[in-house]
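Could you build all of it, start to finish, from the sequences and the hints given here?
Residue numbers (my numbering), protein chains in the order written: chain P, 1 to 398; chain H, 1001 to 1241.
Treat the hints loosely; a few may be bogus.
DMTMM-like mimics (lysine to aspartate or glutamate), calculated; alpha carbons at most 20 Å apart, straight line [as the list claims (entries may be wrong)]:
#1 P/K150 with P/D179
#2 H/K1064 with H/D1033
#3 P/K7 with P/E301
#4 H/K1007 with H/E1038
#5 H/K1007 with H/E1149
#6 P/K388 with H/D1066
#7 P/K388 with H/E1083
#8 H/K1124 with H/D1135
#9 H/K1085 with H/D1066
#10 P/K7 with H/E1149
#11 P/K304 with P/D12
#12 P/K304 with H/E1175
Computed far set for chain P versus chain H, every beta-carbon distance over 12 Å [to be verified]:
#13 I4
#14 D12
#15 Q107
#16 P123
#17 L168
#18 L217
#19 P237
#20 E271
#21 A311
#22 S315
#23 S317
#24 M351
#25 W361
#26 F366
Source of the hints: derived by calculation from the structure; they are not laboratory data. As the structure is a computational prediction, the values presented were derived from the model and not from experiment. A virtual CB, placed ideally from N, CA and C, is assigned to each residue, including glycine.
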Amino acid sequence: MYQIAIKMLMGDRAKYVGLLLGIAFTAFLVTFALSYFAGFMTRGFALISENSSADVWVMDPAVSSTEMTINMPSSALGRIRSVKGVNYAVPMSLSDITARFPNGHFQTFQMIGVDDATLAGAPVLTDGRLPEVLHTPYSVIVDPGGTSDKLQTPKAPRDQWPFDGAHLDVPTRGLAFGDELLVNDHRVIVAGRSQTIPRFPPRPLLYTTFSNTMRLLPSESRRLTFVLAKAQKGISPHQLAKRIQQQTGLRARTTADFKEETVRWYLINSEDVGDMAAMLILAMTVGFGVTGVMLYMFTYENLKQYAVFKAMGASASMLMGMIFIQASVSAFLGTGLGIGACAIIGESVRMTLDYPFRMMWFTPLFGVLGVLIVSLSAAAISARPVLKLEPGAVFSGR
Amino acid sequence: MINKQTKIAVQCRSIVKTYGSGASEVFALRGVDLDLYEGELLMLVGPSGCGKTTFISIVTALLKADSGVCEVLGQDINALTLEQKVLFRRQSIGFVFQAFNLLPALTAQENVAVPLLIQGRNRKAAMHEAKAVLDSVGLGERIGALPSELSGGQQQRVAIARALVHRPKLIVCDEPTSSLDHKSGQMVMQLLRHIADQSNTTLLVVTHDNRIYHFGDRMAHMDDGRIIKTEMIQEKKETSE
Ligand SMILES: Nc1ncnc2c1ncn2[C@@H]1O[C@H](COP(=O)(O)OP(=O)(O)OP(=O)(O)O)[C@@H](O)[C@H]1O
Ligand SMILES: [Mg+2]
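This is how it looks when you write it as structure tokens:
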């Protein structure tokens, strides 16, 4: 009988293909939306990903993400280094600065100050130079951070630092090695460009050393945003985080936990994320609705055939089985198609358009589960009229 | 055929059935008394809306009567549980519908095999028997055809093969010829007549079509929810051909 159910399903080519495409579309929509969301969230914790060698992130007790931060006193670094089980600990400073370009334009950057000694967290330069270039005082590495055309400097030397006011509408080129910027009345030298993980929200980045940030920022005792600690052999990141927290009164989180916290922070605090989530939910609702209705209609249109089975002595469980087989076969094939298409299209837009698309393990799973649940519920709902079928339906003329 | 009319296959007494309630209440059956004998072909005729379909639905345990007794093939239909009714239909009843009701996605052979598959027979055996029955209705050449590739008369013969394949004791046909042209209708009735003659199967044929009345052994006239007259049919087609 199940073979017959499948034949019934595939017998009407046009309807079957329509059904499959509908389900594929839903699976695609859901998976794509979630992957897109995952992509954004991944960008949200880009800073943590960049510093994957750190086991534990230490921060002010009130901080719970990389996005909204407040600094700790510089003395915190020493206190953390003295906790037993810390292999090494390096400082990191985050600050928002406004830099002026040679022609008078300006741009807000996130300045990331990394440890002078190890340069841990400094990015790889696109021209192959080593991050050691940062050891030169006032040198910085610029990074688009997911933005485009924001790192432009005038082409012609006469448009650079002109004496007759700003030269705003002049031809520009991308910042490169040797170019200069003005940060808080200090000239900084671009030591190179990098292309790290794009940020969410996008923002240009300025990487430099911790000591350079001290030179560039107004003097203040609190410059230490995070301390990144590495555990000694034999102690787990969790244990170390707990120990640091207990002994210093600061907040310490393992890398994995801090990523999760940052995502949660975005989910709760970011309006952009809220808007995005609302859109996603809308898309999913529409997709699931379409799938459900299509499956229901499919069974409904076959009501007559089920009536015949019923008259001929097919039991209720047999009929239910047939409907569920039809629903699950179309659900599986449809989601397969949809998720396949999603992977191909998603990966290609990610690579060509630098799109925040990340198909994590759970995104197709949600797609499959979602479609399956919807399909099976639609099947259950459409089974009702089949089971309650009047004999009139069996004998009625047409 | 008188010699066949000894054992009773269907015995109905005072069957009452109403649809709806209150102002919209419809009396479909107002006390139907009717017997069918084993191996006979009974024509059930009557004007539209008189309750024919309702009656055969009750006989085949698809519908529950409000009151009255109906014994079919020795079973009191009212006393059966839902599961028993399903089993009863599965084993003892064959259906032929006005609109054929073949499954469009299945070949003739697969369509005929369906009742056996419902009984839980394996596919190979079911298909084998389906072929044999299709041979016997003269469609041995078209076993792989889809319903859409067959004429109306051929489709109805496939449907009859489907009603036969599990060797039911009772075959119920609701207007089997009204979707067919005269010639195909005659062929279909000859086939049903042949089944009644060759086996002990009882056939109940509902019809409006007076050109096929003579294929029956007896005719029961229904009007306004009652059987008003039953009569023997004298001239048989097979003798006049
Ligand atoms: N499900 C139903 N609900 C309400 N009334 C019904 C229902 N089925 C049938 N009826 C009514 O019951 C009466 C008998 O109907 P039935 O279908 O048994 O007649 P019939 O003799 O088969 O008619 P026809 O020759 O047109 O097929 C009719 O008046 C019909 O309108
Ligand atoms: Mg009728």
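Checked hints:
1. The hinted pair formed by P/K150 and P/D179 meets the criterion: a straight-line CA distance of about 15 Å does not exceed 20 Å.
2. Of the supplied pair hints, the one linking H/K1064 and H/D1033 holds, its CA atoms being roughly 16 Å apart against a limit of 20 Å.
3. A threshold of 20 Å between alpha carbons decides the hint, and for P/K7 with P/E301 the separation of about 15 Å falls inside it, so the pair holds.
4. Proximity of H/K1007 to H/E1038 is assessed by CA-CA distance (about 6 Å); at most 20 Å being required, the pair is judged to hold.
5. Taken as a hint, the H/K1007 and H/E1149 pair is broken in the structure, with Cα atoms around 41 Å apart against an allowance of 20 Å.
6. At most 20 Å may separate the alpha-carbon atoms for a hinted pair to count; P/K388 and H/D1066 meet this at roughly 18 Å.
7. A distance of roughly 15 Å separates the Cα atoms of P/K388 and H/E1083; the hinted pair therefore holds under the 20 Å criterion.
8. Our distance criterion of 20 Å between C-alpha atoms is met by H/K1124 and H/D1135, whose separation comes to about 17 Å.
9. For the given pair, H/K1085 sits about 17 Å from H/D1066 by alpha-carbon distance, which is consistent with the 20 Å threshold.
10. Simply put, P/K7 and H/E1149 have alpha-carbon atoms about 17 Å apart, close enough for the 20 Å limit, and the pair holds.
11. At most 20 Å may separate the alpha-carbon atoms for a hinted pair to count; P/K304 and P/D12 meet this at roughly 15 Å.
12. Annotation: proposed proximity of P/K304 to H/E1175 holds, straight-line Cα distance about 17 Å (limit 20 Å).
13. Against chain H, the non-interface label of P/I4 is violated: not every CB pair exceeds 12 Å, the least being about 7 Å.
14. Listed as outside the interface, P/D12 is inconsistent with that label: its C-beta sits roughly 7 Å from the nearest C-beta of chain H, within the 12 Å cut-off.
15. No beta-carbon of chain H comes within 12 Å of the beta-carbon of P/Q107; the shortest separation is about 65 Å.
16. Non-interface call for P/P123 relative to chain H: holds, since the shortest CB-CB distance, roughly 61 Å, exceeds 12 Å.
17. With a cut of 12 Å on Cβ distances, P/L168 stays outside the contact zone with chain H, its closest approach being about 71 Å.
18. For P/L217, the condition that its CB be more than 12 Å from all CB atoms of chain H holds, with the nearest at approximately 75 Å.
19. A cut-off of 12 Å between C-beta atoms confirms that P/P237 is not in contact with chain H; the least separation is 59 Å.
20. With 12 Å as the threshold on Cβ separation, the claim that P/E271 sits away from chain H holds: the shortest Cβ distance comes to roughly 52 Å.
21. Not every beta carbon of chain H lies more than 12 Å from that of P/A311, the smallest distance being close to 5 Å; the non-interface claim is violated.
22. The non-interface label for P/S315 is inconsistent with chain H: the shortest C-beta to C-beta separation is roughly 5 Å, within 12 Å.
23. Chain H draws P/S317 into its interface by the beta-carbon criterion, the shortest separation being 10 Å against a cut-off of 12 Å.
24. The claim that P/M351 lies off the interface holds: its Cβ sits roughly 43 Å from the closest Cβ of chain H, which is beyond the 12 Å cut-off.
25. Every beta carbon of chain H lies more than 12 Å from that of P/W361, the smallest distance being close to 38 Å; the non-interface claim holds.
26. Separation of P/F366 from chain H is adequate, the least Cβ-Cβ distance of about 33 Å exceeding the 12 Å criterion.
The structure fails hints 5, 13, 14, 21, 22, 23 (numbered hints given earlier, in ascending order).
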